[in-house]
Each structure stands twice: as C-alpha cells, then as structure tokens.
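Chains as they are written, first to last, in UniProt numbering: chain A, 1 to 584; chain B, 1 to 584.
Because the hints were derived from the structure by calculation, they are not lab data. Please note: incorrect hints may appear among the correct ones.
From the derived model, a few chain B residues whose C-beta atoms are all more than 12 angstroms from chain A [stated by the list, open to error]: (1) Ala133; (2) Asp206; (3) Thr265; (4) Thr335; (5) Arg509; (6) Arg562.
What follows is a set of in silico ranges between Cβ atoms, one per label pair, in the way DEER data are often shown [to be verified]: (7) A:Arg148 with B:Arg291: 38 to 44 angstroms; (8) A:Lys313 with B:Gly332: 31 to 37 angstroms; (9) A:Arg148 with B:Thr275: 30 to 36 angstroms; (10) A:Glu195 with B:Glu495: 51 to 57 angstroms; (11) A:Lys308 with B:Glu318: 37 to 43 angstroms; (12) A:Lys308 with B:Tyr146: 25 to 31 angstroms; (13) A:Thr376 with B:Arg291: 40 to 46 angstroms; (14) A:Lys144 with B:Asn180: 48 to 54 angstroms; (15) B:Glu495 with A:Lys259: 35 to 41 angstroms; (16) A:Ser142 with B:Gly332: 44 to 50 angstroms; (17) A:His272 with B:Tyr146: 49 to 55 angstroms; (18) B:Tyr146 with A:Val319: 39 to 45 angstroms; (19) B:Glu186 with A:Asp357: 21 to 27 angstroms.
Below 27 angstroms or equal to it, Euclidean Cα-Cα: the simulated DSSO-like pairs (lysine-lysine) are [stated by the list, open to error]: (20) B:Lys59 with A:Lys259; (21) B:Lys76 with B:Lys123; (22) A:Lys76 with A:Lys59; (23) B:Lys59 with A:Lys76; (24) A:Lys222 with B:Lys159; (25) A:Lys425 with A:Lys76; (26) B:Lys137 with A:Lys192; (27) B:Lys76 with A:Lys259; (28) B:Lys308 with A:Lys308; (29) B:Lys60 with A:Lys60; (30) B:Lys202 with A:Lys202; (31) B:Lys259 with A:Lys59; (32) A:Lys202 with B:Lys60; (33) A:Lys259 with B:Lys61; (34) B:Lys259 with B:Lys279; (35) A:Lys199 with B:Lys279; (36) B:Lys259 with A:Lys202; (37) A:Lys259 with B:Lys202; (38) B:Lys259 with A:Lys159; (39) A:Lys123 with B:Lys308; (40) B:Lys308 with B:Lys381.
Computed from a predicted structure; not experimentally measured. Glycine included, each C-beta is placed from N, C-alpha and C at the ideal position.
There are 2 protein chains.
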Amino acid sequence: MRSFSFFERFSKAFQDHPSLTRIIVVSTISGGGLIAYSEANASYGSNGSAAVVETGTKKKKVVLLGTGWAGTSFLKNLNNSQYEVQIISPRNYFAFTPLLPSVTCGTVEARSVVEPIRNIGRKKNVDTSYLEAECFKIDPSSKKVYCRSKQGLASNGKKEFSVDYDYLVIATGAQSNTFNIPGVEENCHFLKEVEDAQKIRKTVIDSFEKASLPELSDEERKRILHFVVVGGGPTGVEFAAELHDFVTEDLVSLYPRAKGSVQITLLEAADHILTMFDKRITEFAEEKFSRDGIDVKLGSMVTKVNEKDISAKTKGGEVSSIPYGMIVWSTGIGTRPVIKDFMKQIGQGNRRALATDEWLRVEGCDNIYALGDCATINQRKVMEDVSAIFSKADKDKSGTLTLKEFQEAMDDICVRYPQVELYLKSKRMRGIADLLKEAETDDGSKKNIDLKIEEFKSALSQVDSQVKFLPATAQVAAQQGAYLAKCFDRMEECEKNPEGPIRMRGEGRHRFRPFRYKHLGQFAPLGGEKTAAQLPGDWVSIGHSSQWLWYSVYASKQVSWRTRVLVVSDWMRRFIFGRDSSSI
Amino acid sequence: MRSFSFFERFSKAFQDHPSLTRIIVVSTISGGGLIAYSEANASYGSNGSAAVVETGTKKKKVVLLGTGWAGTSFLKNLNNSQYEVQIISPRNYFAFTPLLPSVTCGTVEARSVVEPIRNIGRKKNVDTSYLEAECFKIDPSSKKVYCRSKQGLASNGKKEFSVDYDYLVIATGAQSNTFNIPGVEENCHFLKEVEDAQKIRKTVIDSFEKASLPELSDEERKRILHFVVVGGGPTGVEFAAELHDFVTEDLVSLYPRAKGSVQITLLEAADHILTMFDKRITEFAEEKFSRDGIDVKLGSMVTKVNEKDISAKTKGGEVSSIPYGMIVWSTGIGTRPVIKDFMKQIGQGNRRALATDEWLRVEGCDNIYALGDCATINQRKVMEDVSAIFSKADKDKSGTLTLKEFQEAMDDICVRYPQVELYLKSKRMRGIADLLKEAETDDGSKKNIDLKIEEFKSALSQVDSQVKFLPATAQVAAQQGAYLAKCFDRMEECEKNPEGPIRMRGEGRHRFRPFRYKHLGQFAPLGGEKTAAQLPGDWVSIGHSSQWLWYSVYASKQVSWRTRVLVVSDWMRRFIFGRDSSSI
C-alpha cells in the first residue's frame, strides 16, 4: 500500500542486517534525502482522506480542464472542502516547463520535471479525481464538457463521454503557432511538451550518429549537423545555448568526425533577440552567441520549410534557402481548437485567446473561468466608465468633485482600474493631487477644489494607454491559478462580505478584488553557466551569479520534494559525469 | 570540451560566490558524489587518446557486432593497442538488462541502466570507433559485413554500406521467440530492449488511466486491468513481482476506481516456474505468488493471441480464452535474421544459434568469433577423439596406458574436455584412479597398471553425457567477452608460447585454454523486498537478506560509476517517494 510509511518500508528490509544496512542508508541519504523525508512522510499520512468521498453533502462540482501551470496552481491552492474537483487533461502530470530546454539536452531528465497530478490532488482535503482525456467541446448552455479519451474505451470502441459541471475552469494552455507557414508542422520540432523535449534529445543524438557514418560527403555531414532554432524568445535562446553547451562539453569529444561540422543558427524575425528583456541583456546575449559561434540571423522571416532546407526572407526582401538537419520551432503560441470552437459559440470568434474580465470570468458566460495561456484579461477601460465613476465619486451629487471626494474614490478606482496606478507611476507623480494638477496646468491655477466632469475626463483621458496585456508565461498562469483558488475558497464568505472595490455601474461592492499580476522577474539562461536575470525595479544581473540564483529559484519553485531532489541531483550528475548521449 | 575537468567546470561557476556556493556544493555532494568523482575525473583525463588515430602502423581491424553484454565485455577487456575496433550496432549504448524488469515499473529509470558505448570505448588505449547501424549480411569470403543505418544517409537516400574486417566478433544477441504463435508479434509486449521496458511502463499507467474513465462496465474495467505474463523464467517472474509491488505500493491508492479490479496472471507451459532454480526456490516463489494473489497457471500453452483475449491450452487439451488488457511475452529467445542467413551460408542452417568451438571461433570460418546469446559452444566429444587421446597419452607407444601415463595426460584431457571433470565431480569421485576403478569393477581386480584402448573407451563411455549447454544469460556473455578479449590481447604472445592443452589430433599445443564458464550464482527477485538467490555449491537463500545481496551485486556490476550512482539513487528515491506514475 502506498500508506506504508517510510520507516515501514525500510524496517521490512532491515530485519536481517540491522546495523550494517542502517549505516549504509543513513550515510547515502545524507545528501538531501533527510530533508525530503518529512514532506514525503506527511503526504503518506494524509492520503487516506482523498479516497473517502463524502456522499452525504451535495458538493459543487468544479471541472478543471488542464494540468499545466494555471490548472495545477489552482488545484494546489484550493482548500475548501465544499468543492469536488474533476480534473480533465490528456496529460496525467504537471510538467515544470521552464526546464524543458534543459531536458532537450539531458541536463535534466524528463521524469525529474514532472509530477503526477493525482499526487498533487490527493494531498488535499478537497475531493479530486482525474480523467485522462481531452476536452473537445464546451457546451455552456447545458453546463457540460465533451471529452475524448486517448485510447478506445469500451468494447464498442466508444471514446467520447460528457461531464457536467457547476463551475468550469478552463486552463488548457496554448499550442505552438506555425503561422500557417508551409512545412513547419511536418518538418519542425516544437518545444511545448515533455515529449517534444524527449524527441529533440533523441534527434540531436541521432544526428551525430548519422554524421559519423561512412560514405557521407562533407557537405551532407554539415547539413545533418546544422541545427536551426526559429524564434529568439527565451525558450529558443535557452535551447540554442543548451545545445551549444551539450555539443562543446560532451558531444564533440565523443564524435570526432563531427568536429568542425556542427553549426547552430538562430533565426529571429525582429531586429533583436530577447526583445522582452532589457537592452543590456539583449546585447550581452547577442555578443555571447557571436563569441560562441552561434549564428544569429536577425530580421529573418521564415517563409517555407522543406524536408532538407528552410527558406527565410530578410527585411530587404531577399530570400535565401539554408540546408538543415534539425529545426526547433519556438516562435509563439496559437489557439487550441477546443478554445477556438468555444470562442465562436460565445461570440469571441475573432480573438486569439478567451477574453475574461478582471476576475478571470469568461465574458458572456456564467460560472466559467479561464486562465493561463488560453485566456487574456480584457481590462475595463476607464473612459468607458468615466461618467459612472464621476457620479459614484460625487457623493453629494453636487455635479463637481471636491478634492476630498476624489481622494476617497481613488482607492477603489485604482483597484478596479490598475492602469490608473500604472499611469501615476509612469508619470512619476506622487498622488492624486498631481494628477489633478496636470489636468489643470493649462491655466496655471492651483485651486483644485472643484472638478467638473469634463475636467475629470480630461485628467483621465490618457490613462487607458497604460493597459498592459500579460505575457503568456508560467508566472502569470501560476498567479492566476492561486488567485482563482482563493476566490473559490471564499466564494460564500465574500458573497456576504464583499472585499472588492465599489461597483461603478451598479450597487454595492465587487465580491473580490480583481486579479493583479506581480512580476517577480525573469531569467534567460545563456549557456556556459551564465544566465541573465531581470528583476523588478530594472535590476539586471548577468553572469555566473545569476546562474546560481537561477539554480536556487528553479529548485525552490519545484512542485514537489520528489522533483526538487531529482532536479538538484540531475544538476550534480551533469557536473560530475556530463550529459548522457545514449540514444533512448 | 569534454576534457574540462570537474574542477574546471565548477571553478567557472564559482568565480562570483566563492564561499557561499562552495558550501552548498560540498554539502550536497556528500551523499556519494565524491567517491564517484575520482573515476569521472580519471576518465576525462585519459579521453584525449581515443581521438588520436595512429596512422603510421598498420593495425588489425576487429569488427565487433553488438553492444550487449558480450560485445561490451569484450570491448572493456581488450587492451592491446595493435587492434583497431570498429563497433557496429543499432544501439549506441550498453544496457544493464538484468534491471529491465525494474525499469518497467519505474523502480529504476531507463537512463540509469544505459551507458553510451562511445564512453566505454574511449577510455581505452585501443582505437575504437562506433557506427550506429544494423549488420544485415556477413560475407566471410570477402571479409566484409554489410550494414544498414537506421535513417537515410546521403542525399541519394542510400542507407547501406559495407565494412571490411580482419577479425569479426559476432555478439548480436538474440530476439524474442514467438514460436510462430499467431497474434503474439502484434499484441504482446516483449522485454528485451530498453524501449520495450519504457513502453511497458507507459502501457501499465495507460491501463490504469483507461480503467478510471467513466461509462465503463465492471467487466471491461477488469479486462483492462488484467495483466498477463507469459513465461515463468526469471524475467517473467521478476516482471510479475515488480508489477505487483507497483500496483499495491503505489497505484492502488492513486487510482481508487481500479481497486479490486487488478489481476496479474502468469502463464507457464511447464509444470513449475523458475525451473532452472533449486526446487526450494520454485516452491517458495509459487507460494509467495499465490499469497500475493498472482494467478500462476502452470502447464498452460498459449495457442493464440487476439486483440482482447489470449487462448491457452492445458495439458489435458482443454482450451480456454482469457480476456486481457496487456500481455508481456517472455518465453525464450530466437535467432536474429542476420545470424540465420549467415548460418545458412556456412552450412549451419538447421541450428538455433551459431556453433563455435571451445575457443569461441565459429565452426568452418576463419577469424570469425561468436559469443553471447547468438552462439553456442559445440563441445568436442571425448568419444570422437578417444583413439587420438589414447595414442597421445601412450607416450611409449606400448599399446597400453600405465597409471602414470594416464595421470600425466589427465590434466590436458580435463582442460580440453571439461565434461571429464564434470563427470568426475558428478560421480563424486576423487580422482583418476577412481575412474579406472569404476571401469574395472566388473572383475573386482585392483591392479590398474595397464589399460588397453577398449578399457579406456569403456571408462570414458559415459563422460559425454555430462556435456552442458550454457544458459543464455548475461553472466555467460560477459565471461565470454572477457575471455575473448584476453585471447586477442595475447594472440601473438601465445602463438609463440601456446598455453592451451595438447592437441589430440595434431601436433603441439592449442594456443589458448578453451573457454570455461564459471557460474557465480543467480538471483530471482520475487517482490516485496524479497529475493531468492542460488549461489554455487547449492547454497540457497531466500528473503530480505538476499534482497540486500542483490542490491549490492547489481550496484557493483554496473558498467560505469555514472550508472552506479544513478541506480543507487533511483533505489533511494523509490524508498522515499515511491515510483512515479506520470504517463511519459
């Protein structure tokens, strides 16, 4: 039984050699195992509860689609036992995707970055169950999702079934975007899933083996060993860097024939790589890649991919065709078919992702939430509500706002419309008075006592330019999952005591504060034990120290102690023994 | 470069945080890493030599087919730099196959039991190179092997090439034997390769996921969770035991719907499982399996396998059909096509494996050696040579053997014909005189001084019944590889000073002593931290203590420090966290 405790497992084995074996085990475990034990043991202790389904009370059924960052974060943070969560996903595990580029070259093993979702679910006091299936249709009118299992189901070969929900949480993520460029789907590797990373690893080794065979022209060998990365975002850049390390540190000495024939090329359509980062990082990365011999071709739009060559167009319109051995396509994300179909149903057909309000509720639907890469938050514009805001703030209904009235309303406004706060910050203004001052600089007067609606509108007219779309990152998805779980936990409580801002176009307050993203920084590993880190407050760090910061952050962010121990021991293994080049 | 030493790798990373990071690293590595370092470092130091090909001297080219136990053992033990070894195999790694049953359930990871053959090769002072290709034809007349690469080669799509040899070492192993039973190839899993074990692991998890889906009848759920193992040999038994542990220790608590529906059935055509072991072990295993709920069906011959059911016939002739979810087929080994084809060419067409003499030379061929599962040693019979033996022993050509003459010849006879020694042992006779005595018990006389050829023949007439065929095990293959490498190393030396026994039908001595297998014992893990061990001298041990012996032996037999550390840490991980059930 899983409920065997750690000591029970061991004591069974200890019966025969009590002293000798205990010494062996204690000494071998010393490297981190003991600290892991407390967590593992705790989880064994509490697992019994998950199996017990309380059938007496009627629980609200939450259907959660997806086991990625958003879904798993939601699941981990949900604590209210009045829900019953039905997880549906074709992947029965959570994958720590930021380490996928490391998996492609064996710096970290695939299994070290995954954790079964059933493990994550059963540690909780919420009833959870999981179905390995893909949702292919959402029907909000009947409150059902339609799912398809990976394999045939019953003897009649039926593969489809439907599941009812009270609440639906859509966290299916996105898929790779080929921009409909011909040949991409057929000839390129993607880097979204664990299987993709495993395939890339095998293909890299296969390429080196192929290039070592006899009766091969030099030209052909060079083609086979030409690795092309399309997309200069963090994933593409990290993969190129990892591959370069793998080749120079491990493969070149094992494959003498390959020496001098390996080439890594990075194609980026924009003028620079890592454009979402600070300029210093971009420059450093481009210089480092150039020193490393990674050929960065900026302003290169891929137009077509054939079986053995890839065509790219420069900004000048010049098209060139480059022979390649392997391509990794990492240019951005596209919409999954089930989301496309759902968007059509609810009149969002022309969008890239599901539009939600600031509480992650899908616009135009009841009890449906969407988060992570499949959704974007449609931030309410101040200017759409400006009259309502004015009249809410004008408590005495005098038709003008006093400074006091304005100040009193400002807190709610800033919570409801984060762009106001961003606007204040970006203009480096300290407070409300400054905003008013700015609106009135034309006549230089400083009375500021009464504010008419036109002046109010004018003061806020530029505010909506500050609305920011959140990036499609793990960090955003994880924060959204945690936020939504907290909302679910306190659904009843906040129904009675709403904690959100005042409703501008209605009565009372919103139940919850809207979701607010807190950017904690971002890493770009550049190979050779160097990482670029951009932390909040424009703090930029590049080099070995950031690499160690990267190690610590990524180890601490692991979803379980098991994966944490495995990832850290994988790093150690790589330091000591290098990366494995077996073709499995 | 791979030639970065361990310290260089680290020191690069240490530049920024010398004190802090050093503490972290030293403390985390303490659990076994340090001992591994010395080996790893030594290998980095010596690797440069492999790349340097001495083109001046003309080396003898040894083509080695296969990277299994036999081939790898040959490669590891070969030390004479006058050879140039060309390894050809579709697998660019050596796999520690005795751990494959553990890989099927994630007790040990697939990558922990493999080591790249290029790593093994480059540590040596012998020039080695490797080609990832499958040999499909051996041509002894032109001293060539014809090979096919896994993927297309040049732009013309040519996949085939030929390689010349001076010496050919065939160590391609065997393949699973389906006995031409219909449906086996299409519907069963085998357990010969690492990929097989990985597929089984995924299929087991998939079965549990499938059985957890809704709209499934109880009957259908039971079918999906019915795991059938065909073959009661060590592999089949160990897999059944591993699967039982995986299910009861890890899966049942994660898959509440599966509880009570899981069934493991073991089909064995003979009257008992583990027939190659001592009766005590067989009995213990059958009893343990019965207690564990593993249904062992003895005397069951599989006659047909359909997509969802398997038909078996009892000894009474009764045919029954059993619905199943997954079958693992582990009944024995068959001949690979390339070996079949080669045997036809050299007139061995009606055999199961390549016949070699006692020096592992393929009969009827020059400079071709075969070892491991693809070969069997055709032990020369005493009775075929009995006249030659007599006349060699009869040094004074008197027509009769004196006791002294006989004793003098006995050493050579025992080396050349190991069955003589076995015969002596099996009859519990202490020496030669006893053998003679036995031959003469008819008339009761004890003079024993002169022995005529008829008496000599009569004394040896039963000896050949002791000829034993070696089992197709890793142990035999490894010993053969080491033996052959030693022969190759001393080929020249022993040409001048032969060290083998006297040639009975020729002049002088044989160059080397014939291969002699030394059985070191065998394990049969039975699950629940219990293993049966049968060691030389009829020493049988069953239980937890043998499990710890098993752990130590398997850890010590690992081919590299990397795999040793990984296997041991996998075992620790399993103890602490259980087995992973992610479907990857």
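Here's how the hints hold up against the structure:
Chain A draws B:Ala133 into its interface by the beta-carbon criterion, the shortest separation being 7 angstroms against a cut-off of 12 angstroms. Separation of B:Asp206 from chain A is inadequate, the least Cβ-Cβ distance of about 7 angstroms not exceeding the 12 angstroms criterion. Distance check on B:Thr265: its Cβ is at least 20 angstroms (rounded) from any Cβ of chain A, clearing the 12 angstroms threshold; non-interface status holds. Remark: the non-interface label on B:Thr335 is consistent with the geometry, its nearest Cβ contact in chain A lying 25 angstroms away (cut-off 12 angstroms).
Distance check for B:Arg509 against chain A: the nearest CB is about 41 angstroms away, which clears 12 angstroms, and the non-interface claim stands. A beta-carbon of chain A comes within 12 angstroms of the beta-carbon of B:Arg562; the shortest separation is about 4 angstroms. A hinted range of 38 to 44 angstroms holds for the C-beta pair A:Arg148 and B:Arg291, which are about 41 angstroms apart. Roughly 60 angstroms separates the CB atoms of A:Lys313 and B:Gly332, a value that falls outside the hinted 31 to 37 angstroms.
Between A:Arg148 and B:Thr275 the CB atoms are about 46 angstroms apart, so this pair departs from the stated range of 30 to 36 angstroms. Distance hint check: the CB atoms of A:Glu195 and B:Glu495 are about 55 angstroms apart, consistent with the given range 51 to 57 angstroms. In this structure the hint that A:Lys308 and B:Glu318 lie 37 to 43 angstroms apart at CB is violated, the actual value being about 59 angstroms. Separation of A:Lys308 from B:Tyr146 is about 26 angstroms and conforms to the stated range, judged on CB atoms against 25 to 31 angstroms.
In this structure, A:Thr376 and B:Arg291 break the distance hint of 40 to 46 angstroms, their C-beta atoms being roughly 58 angstroms apart. In this structure the hint that A:Lys144 and B:Asn180 lie 48 to 54 angstroms apart at CB holds, the actual value being about 50 angstroms. Taken as a hint, the range 35 to 41 angstroms holds for the pair B:Glu495 and A:Lys259, whose Cβ atoms sit roughly 38 angstroms apart. Between A:Ser142 and B:Gly332 the C-beta distance comes to about 56 angstroms, which lies outside the given range of 44 to 50 angstroms.
Separated by about 52 angstroms at the C-beta atoms, A:His272 and B:Tyr146 satisfy the suggested range of 49 to 55 angstroms. The given range of 39 to 45 angstroms is respected by B:Tyr146 and A:Val319, whose C-beta atoms sit roughly 42 angstroms from each other. Checked against the hint of 21 to 27 angstroms, the pair B:Glu186 and A:Asp357 fails, with Cβ atoms roughly 54 angstroms apart. Only pairs whose Cα atoms come within 27 angstroms are accepted, and B:Lys59 paired with A:Lys259 is accepted, the gap being roughly 24 angstroms.
For the proposed pair B:Lys76 and B:Lys123, the alpha carbon gap of about 9 angstroms is at most 27 angstroms, so the pair holds. With a C-alpha separation of about 19 angstroms, the suggested pair A:Lys76 and A:Lys59 falls inside the 27 angstroms cut-off, and the hint holds. Restraint check for B:Lys59 and A:Lys76: not satisfied, since their Cα atoms lie roughly 64 angstroms apart, outside the 27 angstroms limit. Restraint check: the Cα-Cα separation between A:Lys222 and B:Lys159 comes to about 18 angstroms, which is no more than 27 angstroms; the hinted pair holds.
Distance restraint check for A:Lys425 and A:Lys76: the Cα-Cα separation of roughly 34 angstroms exceeds the 27 angstroms cut-off, and the hinted pair is therefore not satisfied. Restraint check: the Cα-Cα separation between B:Lys137 and A:Lys192 comes to about 42 angstroms, which exceeds 27 angstroms; the hinted pair is violated. Proposed proximity of B:Lys76 and A:Lys259 is supported: the alpha carbons are some 25 angstroms apart, at most 27 angstroms. A distance of roughly 42 angstroms separates the Cα atoms of B:Lys308 and A:Lys308; the hinted pair therefore is violated under the 27 angstroms criterion.
Between B:Lys60 and A:Lys60 the CA atoms are separated by roughly 77 angstroms; this puts the pair beyond 27 angstroms, and the hint is violated. Distance restraint check for B:Lys202 and A:Lys202: the Cα-Cα separation of roughly 18 angstroms lies within the 27 angstroms cut-off, and the hinted pair is therefore satisfied. Taking the CA atoms of B:Lys259 and A:Lys59, the gap is about 24 angstroms. The hint holds against a cut of 27 angstroms. Distance check on the hinted pair: A:Lys202 and B:Lys60 sit about 33 angstroms apart at the alpha-carbon level, beyond 27 angstroms; violated.
Simply put, A:Lys259 and B:Lys61 have alpha-carbon atoms about 24 angstroms apart, close enough for the 27 angstroms limit, and the pair holds. Between the alpha carbons of B:Lys259 and B:Lys279 the distance comes to roughly 34 angstroms, so the proposed pair goes past 27 angstroms and is violated. Under the criterion of a C-alpha separation no larger than 27 angstroms, the hint pairing A:Lys199 with B:Lys279 is inconsistent with the structure, at around 47 angstroms. In summary, the hint linking B:Lys259 to A:Lys202 is not supported, as the alpha carbons are separated by about 37 angstroms, beyond the 27 angstroms threshold.
This hinted pair does not check out: A:Lys259 and B:Lys202 have alpha carbons roughly 37 angstroms apart, beyond 27 angstroms. For the proposed pair B:Lys259 and A:Lys159, the alpha carbon gap of about 23 angstroms is at most 27 angstroms, so the pair holds. Proposed proximity of A:Lys123 and B:Lys308 is contradicted: the alpha carbons are some 36 angstroms apart, above 27 angstroms. Distance restraint check for B:Lys308 and B:Lys381: the Cα-Cα separation of roughly 49 angstroms exceeds the 27 angstroms cut-off, and the hinted pair is therefore not satisfied.
Violation of the numbered hints given earlier is confined to hints 1, 2, 6, 8, 9, 11, 13, 16, 19, 23, 25, 26, 28, 29, 32, 34, 35, 36, 37, 39 and 40; the remaining hints are satisfied by the structure.
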